[in-house]
Amino acid sequence: MPESSFEDINNIYVSSTMPPSRQYSQSTIPLLPFRHYIGNTEFCTENNTSECMLYISQELLALGFPSIFFDLNGLRELDVISALNSMYGLLQMHRRAVGMLAELEVEQLRVSSDLHCQQLTNSKLKDQLELSKKENLRLCERERQLEANTKALHHCLKNEKEEVQKLQNVIASRASQYNHNLKRKEREFGKLKERLNQLLTDKKDKKQGMDVLNYVGRSDGKRSQWKTGKTDSRHESDMYKALLNEFDKHQRELMIENAELKKVLQQIKQEMVGILSPKRQSGETQKEEKPKEFTDQQIASDEEEENSFKGTSEMSCEHAREQLSNSIRQQWRKLKDHMANLDNKASLVHLGQGINEEMISKEVHQEEMERLKLEIQQCKDFIHTQQQLLQQQLSTPWDEETAAVLTDCYMLEEKERLKEEWKTFEEQKKNFEMERRTFTEAAIRLGHERKMFEEDRATWLKHQFLNMTFTDQMNLKTQNTLSEYAVQEQKHISSPKTPL
Amino acid sequence: MNFSEVFKQSNQLCKVSPDGKYLATCVQYRLVVRDVNTLQILQLYTCLDQVASMEWSSDSLFILCAMYKRGLVQVWSLEQPDWHCKIDEGSIGLVSSRWSPDGRHILNTTEFHLRVTVWSLCNKSVSYIKYPKACQKGMDFSADGRYMALAERRDCKDYISVFVCDDWHLLRHFETDTQDLAGVEWSPNGCVLAAWDSCLEYKMLLYSLDGRLLSTYSAYEWSLGIKSVAWSPSSQFLAIGSYDEKVRILNHITWKKLTEFEHHPTITNSKAVVFKEVEKRPVIPTEDLSIQQIAMESSLFDIQSKYEIPPLPVQVPVVKPDPDRANPKIGISAIAFSVDNRYLATKNGGFQVQSLFWHCSGDSVVLLGKDQLCLCYMATDEEK
Chain X
1 MPESSFEDIN NIYVSSTMPP SRQYSQSTIP LLPFRHYIGN TEFCTENNTS
51 ECMLYISQEL LALGFPSIFF DLNGLRELDV ISALNSMYGL LQMHRRAVGM
101 LAELEVEQLR VSSDLHCQQL TNSKLKDQLE LSKKENLRLC ERERQLEANT
151 KALHHCLKNE KEEVQKLQNV IASRASQYNH NLKRKEREFG KLKERLNQLL
201 TDKKDKKQGM DVLNYVGRSD GKRSQWKTGK TDSRHESDMY KALLNEFDKH
251 QRELMIENAE LKKVLQQIKQ EMVGILSPKR QSGETQKEEK PKEFTDQQIA
301 SDEEEENSFK GTSEMSCEHA REQLSNSIRQ QWRKLKDHMA NLDNKASLVH
351 LGQGINEEMI SKEVHQEEME RLKLEIQQCK DFIHTQQQLL QQQLSTPWDE
401 ETAAVLTDCY MLEEKERLKE EWKTFEEQKK NFEMERRTFT EAAIRLGHER
451 KMFEEDRATW LKHQFLNMTF TDQMNLKTQN TLSEYAVQEQ KHISSPKTPL
Chain U
501 MNFSEVFKQS NQLCKVSPDG KYLATCVQYR LVVRDVNTLQ ILQLYTCLDQ
551 VASMEWSSDS LFILCAMYKR GLVQVWSLEQ PDWHCKIDEG SIGLVSSRWS
601 PDGRHILNTT EFHLRVTVWS LCNKSVSYIK YPKACQKGMD FSADGRYMAL
651 AERRDCKDYI SVFVCDDWHL LRHFETDTQD LAGVEWSPNG CVLAAWDSCL
701 EYKMLLYSLD GRLLSTYSAY EWSLGIKSVA WSPSSQFLAI GSYDEKVRIL
751 NHITWKKLTE FEHHPTITNS KAVVFKEVEK RPVIPTEDLS IQQIAMESSL
801 FDIQSKYEIP PLPVQVPVVK PDPDRANPKI GISAIAFSVD NRYLATKNGG
851 FQVQSLFWHC SGDSVVLLGK DQLCLCYMAT DEEK
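Protein chains in written order, with our numbering: chain X, 1 to 500; chain U, 501 to 884.
I should point out that these hints are in silico values taken from the structure, not numbers from a laboratory. Incorrect hints may have been included.
[Said to hold, decoys possible] For the chain U half of the interface with chain X, some residues (derived, Cβ under 8 Å), not all of them:
1) D559
2) D588
3) G590
4) N623
By construction, the Cβ of each residue, glycine as well, lies at the ideal position given by its N, Cα and C atoms.
Using the sequences and the hints, build the whole thing.
Here you go:
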């Protein structure tokens, strides 16, 4: 027998509970460790042989073996035969026990392997169960979807059938109508054919005509008029007049309606302003200063607007209309805001928070925030642009020349133009000067010439006067020539004046 | 309500003159004119044949008697009983005859609608208008009597001709975009002409007096379309009754649908009052009216009938018409606006109501059935 098996059985004996098949009780005798015989003499020494023998006999008695001692006058003598028998019995027992142990071991191995197998199968089955449950769920889900699908399709089908039925009804009614019409037309056609036949075969043709005793006057008493081109145009004009009258009437009605609606709108606006202003005053104590001022300003601006608008209310131009509708919308919005504020306050009161005088409502706060943010953004933009410009200014001095050139680059073009104009102006001035000079010289020369001419004339006249006495004819002639010459002279004298 | 004694008449030819003074009835070939107040016979005229149609002229001076079989029209004068006028259409036949609005011209439609002959009583002129259309309402005069609209058909296309009634001058002639023009009607202000297609297509066309197409309206396709049309007296609304049992109202500014009224067989509107006539006879006709109040009871001869107000919802008995027949008895067949533009009366379905008219004061409606006459007064609560 292997060692390990003994130790195992050791363990079993020590740790396990009593097997039910065990016949022998072991409660009174303490268990001793079951050792492999290794020639150990610890148990029995020369000193305690009698105790050992006693002990062993007790044990053997307990195990059911006959006593190994036999009494001889009160002395316990070791019966070797019975001791050997007992030893043999013990050995046999041991062998049996070992065999049983081996069997039990085998049994236990088998059982444990069985258990292991069972566990494996169990886990496998569990897995399978899980899988099949999932599969089941999936199939259930699919089934549900398919059912829903079929229901929807049924519904569609029903609808389609209804549609088809309706269309069939329509087709049937149309068909019956068509048939009816067709039959009517056929009947009429038949009658027509008959009539035609009759007319063609009938010899006496009844003439058509009117036989009246005397013609009656027109209902309006007027005479009828000849049909000329004028009547055609008159008819056209009458027709258009009728249409225009109708349009005018219509437009007038619409204008009246429009005016009424405008009045109503004005009234509404005024009422809204009225509603808003007293309410604002009552809410003064509960609001911050800023919003109150804001609204006061608004009301003031509205009133101004109203006053300015009164003048335009009669006008029906689009601008006035838009103004009115815009102002109404504004008022309405204010009213809504006011109502929202009141609601907020009501809700705050409802929540139990006391309205602190320093507290402002959420919306007002938000509005302020928005406004401030906007301002900040604007300032930032402004600063940014300024910085940019400054940088541009600072970053451009490359050369002094270019800087000098570029300093007034924006005005360059204008400067150039200005220079050119100055040039032309100077030139013109010079020209004028020159011309003036020439003219003055010419005038001086002319003056001189005139003086000279006058002197000559004077001398010539003197001569003539002195020579006048010689002949009359000569005088006449000379007078004529004189007068002519005088005229010519006058002309000469007068003519150079004009260009100057 | 008092009734006079019974007078004989034939062909339902019994008309009061436009000025309300005389009553003319036709008995076979005789024309009898009575005074309306005294019912004394004032005049008696004899025509050449049984009178098929009779009409007063607009100024109540003349009466026209038409005898279609012989193609004759005779005109009688009230002022001069000796005056006679006979118009013979000859072999071309006569299908209908009517006065023009001025009371001095007679328009005869010949057989097969070959032409319309305009005879003048003032002068010898005769005008012919070729190929008028034979349809539900092919000819209409404007309210002031100045213009006449005539539907024509040539080369499988529909046309409308507008004539000036003064001298029958053709003012406008234009084609219409319809499959089969069924009728034309002037608006009361004389500026708009409504033209509608036959029931196979729902199409309403609106033309201005000068022939321009103002608008087209079509509520739906394929199903049977327009059955009846009525203008409101102020020309602001046009009511179109169709085979789908709905009345649609168009407004005169945009010519788009303003509203539509349905005619459910079950009346559940809490504002509606339903009057059900209960008679001792086993036949119980029911009238479907949604009006505000009633103030009368009607009793005809010995049959006691009274109106009771059943609680809502009320189920109106509907007889399903035979769908295989043409012109089925479903849909709105009669529409009438009250004179003050406030109320609209409509008749839906196959009820035996021959005619539906408002009184000119605008507060009562007359319904004429096959066997019954029903007067409905409406009293407004506002005065109380």
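Here's how the hints hold up against the structure:
Restraint check, D559 of chain U versus chain X: the minimum CB separation of about 6 Å is within 8 Å; hint holds. Nearest Cβ of chain X to the Cβ of D588 of chain U: about 6 Å, under the 8 Å cut. The hint holds. Residue-level restraint check for G590 of chain U holds (minimum Cβ-Cβ distance to chain X is 4 Å; threshold 8 Å). Because the smallest distance between the Cβ of N623 of chain U and any Cβ of chain X comes to about 6 Å, under 8 Å, the interface hint for this residue holds.
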